[in-house]
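Trainee: Protein chains in written order, with the numbering used here: chain A, 629 to 901; chain B, 80 to 355.
Where hints are given, some of them may not hold.
Unchecked claim - Result set (DSSO-like, lysine-lysine): computed pairs, CA atoms no more than 27 Å apart in a straight line:
hint, chain 1, residue 1, chain 2, residue 2
1, A, Lys647, B, Lys205
2, A, Lys647, B, Lys266
3, A, Lys647, B, Lys295
4, B, Lys98, B, Lys84
5, B, Lys241, B, Lys266
6, A, Lys656, B, Lys174
7, B, Lys148, A, Lys647
8, B, Lys84, B, Lys345
9, A, Lys656, B, Lys353
10, B, Lys205, B, Lys295
Bear in mind the hints are in silico, worked out from the structure with no lab data behind them.
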Amino acid sequence: MNTKLSFQNIQHLIRYDWKFNQKAFLLKFGMIELILIAVIVLQVGFKGVTTLGINSIDASWMGEHILNNSTLILLVMNIATVILMTRMMHTKINKGNNSIPYVMLPANNVEKVTTIHIWYFVGMIFSIVIYVFNIFFLGSIFTLIVPGTMESILTSIQSFFSDIHLIGYEKNGGLFLWAFLSYTIINTLLIYILYLNINLFFKKNPQVKSNIVLIFLGFGYLWYTTKVIVPFKENIQLCINRWEVIAYPLLFLIPVIGLFYALYYQIREKEIK
Amino acid sequence: MIQLKEIGYAYKRNHQTIKDINLELHPGNIYGLLGKNGVGKSTLLKIICGLIEPQGTCLVDGYTPFDRKTDFLEKITLIPETPVLPDLQINELAKITKPFYATFDDRILEKCLNEFEVPVNNRLTKMSLGQQKKAIISLALACNTEILIMDEPTNGLDIPSKSIFRKLIAEIIDDNKLILISTHQVKDLENLISSVVILENEGVILATSINRIEDKLYFGDLDRMSDPILYKECSIRGEWGVSINKTETPTNVDLEMLFNAAVQNKELMKDIFKAE
Chain A
629 MNTKLSFQNI QHLIRYDWKF NQKAFLLKFG MIELILIAVI VLQVGFKGVT TLGINSIDAS
689 WMGEHILNNS TLILLVMNIA TVILMTRMMH TKINKGNNSI PYVMLPANNV EKVTTIHIWY
749 FVGMIFSIVI YVFNIFFLGS IFTLIVPGTM ESILTSIQSF FSDIHLIGYE KNGGLFLWAF
809 LSYTIINTLL IYILYLNINL FFKKNPQVKS NIVLIFLGFG YLWYTTKVIV PFKENIQLCI
869 NRWEVIAYPL LFLIPVIGLF YALYYQIREK EIK
Chain B
80 MIQLKEIGYA YKRNHQTIKD INLELHPGNI YGLLGKNGVG KSTLLKIICG LIEPQGTCLV
140 DGYTPFDRKT DFLEKITLIP ETPVLPDLQI NELAKITKPF YATFDDRILE KCLNEFEVPV
200 NNRLTKMSLG QQKKAIISLA LACNTEILIM DEPTNGLDIP SKSIFRKLIA EIIDDNKLIL
260 ISTHQVKDLE NLISSVVILE NEGVILATSI NRIEDKLYFG DLDRMSDPIL YKECSIRGEW
320 GVSINKTETP TNVDLEMLFN AAVQNKELMK DIFKAE
């Protein structure tokens, strides 16, 4: 394994990647975001009108629904990120002649894998930023229709963090946030690693077969998070012990190493036919 | 230097695309790689660039290409038949490519773009195929690497651009550089290449310098030829062909006739050009 790493090369690769993919990246994320906002607006609006009637919708009901929907959207965005980043990666290493410029760039495989990794995390952070943006954007929009919605959202967020119990510690929202985010990221990364390993397994036309597998995994992930996280969050009385606080960041390292390993072999063994 | 020993490659398990290729290519030369469709010209270029892993031994300047080491990749540039281009202007693409090549020369880029009259303010994706080709050839020449590999570079170029292409290639070659051009359009390479490699399904049937071909073969009027005649064709000028040169006077090599002669007389050609 050629492990000589040049951070300057990684920097150049990031710039190269961004210039090459910026339009696709922004367009696809923009489209996903628009669709998701439309879904939330329709869902919240439709649910409110049909279940409560226009006159009965109040700010707290509206705020709660925006928050719940936005949390679900975060999960969808995570999956979208996985798919988008995977496709961006495949443009480089899996799509026949399309990948020639990237493969022929004078940088070693470790540097190229590290760059793909960095892009993956950029995508993850981007999806979290969009999550926060959605809450505030939708909160502000619905405040115009139902005054007080934004305040209701902020109160919900505040109570969410203040109700967290950390065993042996005082209430600590920051630690919970770290645990919750790393938990989400771990799950997404695990899917990603599974995807890559399955991709390696199917040598013939890996793109098609592993995308089918990815879709199934995506549905499985959605089902899992809807069944486990959402009721979990609704009960809000979440307890985190000291072990978990240490274990989450440690667990976080396993998929990172696994991902790196899988990607490295993927890029090293790839033939551009 | 590029050394290929018993190189073979199969895209499908029981169908060998190329087999038993033995070849040595040296710096200071412009090689023309000729061959019929499907004999594996592009495959051979991909092997040299490290895009696919062959059977046999392939060494490029001492490196095994498929290892794709940074030092190796810095020495080689490939212009694929259909280049993949981002939605950028050529100068933007050059700006992000330049940091990877220590040898990158802005002056060469500017000169090539000017000579080819590439519309630098247009995005690459909005250009015609010919303009895209000219832009990407300019960028590849500006990388100024020791080895330049081109797959059908003149496809899509208009007649004046083909002349400019030949001029630029002739200007850039020096004793440290090796240029390998694969093409069907042999006329585009005339008066440009210094050596010819002709590939067939059975392997390399001819790999030699133009000077040596001029010495060994006669190209011209059928009346002035001596037996054996390796190839002949009727043209508006009368009957022309290729035979063994029994005079001391060299004639200009007609690449198209050379190719046809080589394909029709494989064994004889090998005998004529056997190492002396």
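Trainee: Each hint should be assessed against the structure and marked as holding or not.
Mentor: Cross-check of the supplied hints:
| no. | hint | verdict |
| --- | --- | --- |
| 1 | Lys647(A) / Lys205(B) | holds (16 Å) |
| 2 | Lys647(A) / Lys266(B) | violated (38 Å) |
| 3 | Lys647(A) / Lys295(B) | violated (53 Å) |
| 4 | Lys98(B) / Lys84(B) | holds (10 Å) |
| 5 | Lys241(B) / Lys266(B) | holds (10 Å) |
| 6 | Lys656(A) / Lys174(B) | holds (25 Å) |
| 7 | Lys148(B) / Lys647(A) | holds (24 Å) |
| 8 | Lys84(B) / Lys345(B) | holds (20 Å) |
| 9 | Lys656(A) / Lys353(B) | violated (60 Å) |
| 10 | Lys205(B) / Lys295(B) | violated (48 Å) |
Hints 2, 3, 9, 10 from the list above are not met by this structure, while the remaining hints are.
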